[in-house]
Amino acid sequence: MARHLSRRDLIVRGGALGVTGLSLPALLAACGGSETASTTTGPGTSVTTASDGSITVFNWPLYIENDDASTSPTLKAFTAATGTKVDYRPEVDGNDTFTAKYEPFLSKGEGIGGDIVVLTSYMAARYIAQGYVQAFDPTNFPNRANLIDSRTNPSWDPGNKFSVPYAIGQVGIAYFPDKVGGTITSLSDILDPKLKNRVSILDSLGDTVGSFMVDLGFNPEEGNIDEAKQAIAAIKKARDAGQFRKIVGNSYTDDLQTGEVWAALAWSGDIASLKNDVPDIEFVLPAKGALSFTDNMMIPVGAKNKAGAEGFMNFLYDPKNSGPLFEAISYVSPVKGASAFMTDAGKDNIFINPPVGAKLYEFPPVSAAAYEELSALFLEATQL
Amino acid sequence: MAGQASSAADVQPSQRWIPWMLMVPGIVWLTVFFAIPMFSMGKLSLENGGFSNYRNAFSDYRELIPRTFGYALAATVICILLGYPLAYVIAMRGGRRKNLLLALVVLPFFTTYLIRAISWRILLGDRGPVTRVLHSLHIIGQNTSIVGTAPAVIGALSYNFLPFMVLPIYVSLEKIDRKLLEVGPDLYASGWRTFRKVTLPLSLPGLFAGSLLTFIPASGDFINVEFVGSDAQRMIGNVVANNFVKEQFRPGLSALSFVLMAIILLGVLLYARLLGTEELV
Amino acid sequence: MNTQRRWVSRLLDGYAALVLIFLFIPIGLMVVFSFNQPRGQRNYEWNHFSLNAWKDPFKYPELKRALLKSLEVGAIVTVLAGCLGTLMALALVKYRFRGKGFINTIIVLPLTMPEVVMGFSLLTLFVNLRWETGFWTIVVAHVMFCVSYVATTVKARIRGFDWRLEEAAADLGAGPVRTFLRVTFPIIAPGVFAAALLTFALSLDDFTITYFNSGRVRTFPVEVFTQKRSRVPAQINVFGTMILLAATVIAVSGVLIERRRQRERV
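Chains as they are written, first to last, in full-length UniProt numbering: chain A, 1 to 384; chain B, 1 to 281; chain C, 1 to 266.
Just chain A, with the same shape it has in the complex:
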């Protein structure tokens, strides 16, 4: 499952492509997922225009019940309550991928065929700074007041005028206690040579480098580039020693399911779903601290049904709707009081309600130049 496929700075790739004579947006558009974008530019597409009482939502996979929009109780209830249909598309498979595809249209102020997009904080910050998204109409979205305090007023969106979290998750370690021979408490534990070739890490810069920074005793939120470089060096060293079976974004749960990977850097909700299939898998947040991520809903410019989108967010920000949804998808709800509408099992679930006192860091937005440099180093360390 490809939540955060790869967070790479556009400039890096833009530069590489520029010199090869290809335009990056064009290549990415060609690579995949541009049918929607073409609504603004070309014929032959069938994106629902939302003026007929429907909205289009671009979201990550596994962010709706059973990963199946056609049967999702939340979507059904929303349509029943408001009459607005939801064209739900779980096709955001990476912040950079998504942005690269749609930025050409957003930067011209054109619509992208969606009324809501969901992106991780550091990318959401960029969308707001670039003016790719529209401010909410507070009268349509009274439930915004239910946003939990820790996510209220982020530095990049004071007053949450443009963005509210859809879901919150953590980067932890998934492992099989019987295979690794005991309990794992830190990232160093999975770098033990006895797990050689049985470990996988994520190919997403912020999550993986951030996790290694925490393990080295740094605070990633300070955004110290030298510390990040040390973390990358540690990753490279372990990789050269053959520690990692795979460095992947989209298929690590596959290898956990088949049992070939014994310990993996993992996104919390994924493992929650996987636990249904593989009961003996454990998930732990490293004692030194874990990376956490927030994926935010925003209304892109050119949205056809802004009011409908606000209505949808308002619906999701009602704790009695949020509770059951987040119990089903096993991520942390950003809505106050949501757990009151969960079963006891849901309340006790560490994926949904992380242990109190867990140290959680978010990978901060860093300067474009710094991100470019880190990106190149990370690529070299993990892919070459």
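A few of these clues could be false.
[Stated by the list, open to error] In the BS3-like style, the derived pairs of lysine-lysine whose C-alpha atoms are separated by at most 25 Å in a straight line are: (1) A/275 <-> A/359; (2) A/304 <-> A/108; (3) C/59 <-> A/76; (4) C/94 <-> A/76.
For the record, the hints were derived by calculation from the structure and aren't laboratory data.
Given the coordinates of chain A, assemble chains B and C onto it according to the supplied hints.
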């Protein structure tokens, strides 16, 4: 059928354009969508640094390139070992069941490639039947897995391209005049010698064609590594496919594709030179 | 024949049989696992027998949509590549002209290129042309590699035919259309039919080239690959088995027809 009568008609000079008319649509299609892309990819690979892109590709991927062709070669050899006897038995001893047997060889390959790959994954996975049997027989250690090793990848590659080996060999064996083989045992003492002196040389074109048709797709494959390999088995195809998916586009990437293409092209042209293109298809 | 040779032959037969069985192991597994009730999202481990996937093959609308898309692509590609390829084959077999070897080489080259290279280079072309990838770029790509298969298949089937029959028909007063329908077409039909089947199968099965050039449109193989991120349902095996069954029926009828024809000829 009309037998040996000369089949190609001599065309009146005034009608020379007829065959070209017939071919124009196909040729245009192949030129625009096959030849030109190849050319532009070649051009692309030389931009921003010229031949140094190739030098970089060879040094960045100094393990990847030999590994790719090594796996493809190993798969080709396995395909010969598995495919030649099968083709031989079908051609020489198949009798009336020849067509049925050939159909059986091809049939598995009418299921989706990816589903076959999933099956291999099930078969070889740590919790799959093969690994379990080998574990219980203590042939491999309890914590050794088959998936994520070179033999797993080579095995899957061999499986997937086996029919490409069997069919051309079958065709060339089938063509051999049976009288030659009947004469054989009288002149030479053993069947083995008949095989070595008559059958094998006459089937060489098929063997070569089959080897090429196995080696080429095997060297460009990335699905099998994706399903039964790990990072340590990555092939050129994986790097190309991953780079394109993850948008980590480097100048070396098109150079890498071009290396793959050039090496193969060289083999094909050499082959066409020596043996013509007929056997390849 | 001496006993030693018979013994060797037996051994050979046995070996060949083993290889054939080997070919069917993954296929058998695919069929068996279509009757599995997977424990979770991925059908990787045997759990227990169930007909659920067969009872509800279209449970996942994306898979169904993708399969229909594949069939649609396959049909268009078969017609287009069938026409282009057959015309080329006719030209190559019927006429003598200069540059034939060159044309033959051009036709064979796509068959000898790794799909990754073709897919990637074609993508660079579409990007340069600023074509949005999607349904029609899939069709273009498939026709590209199928034309060669059609041309070579048809060529092989119609080689050796005495084209003077056409002239004879014309001499007897048949017009070109009539000649084509009455003489030429019946001759090339079996070859064209075989090529069409092959094309359809190739198009249906292609993953690599499509993966590069499909944009947001998903054919069946691309959908299977995409779904693998979150699930591998038994329904995939059901579709695989159905495709296998269809292929078997076609192959068996092909063998039967061939046999009857041979019998008639004797």
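>> Tell me the hint numbers this structure goes against, listed in increasing order.
In response: Violated hint: only 4; rest satisfied.
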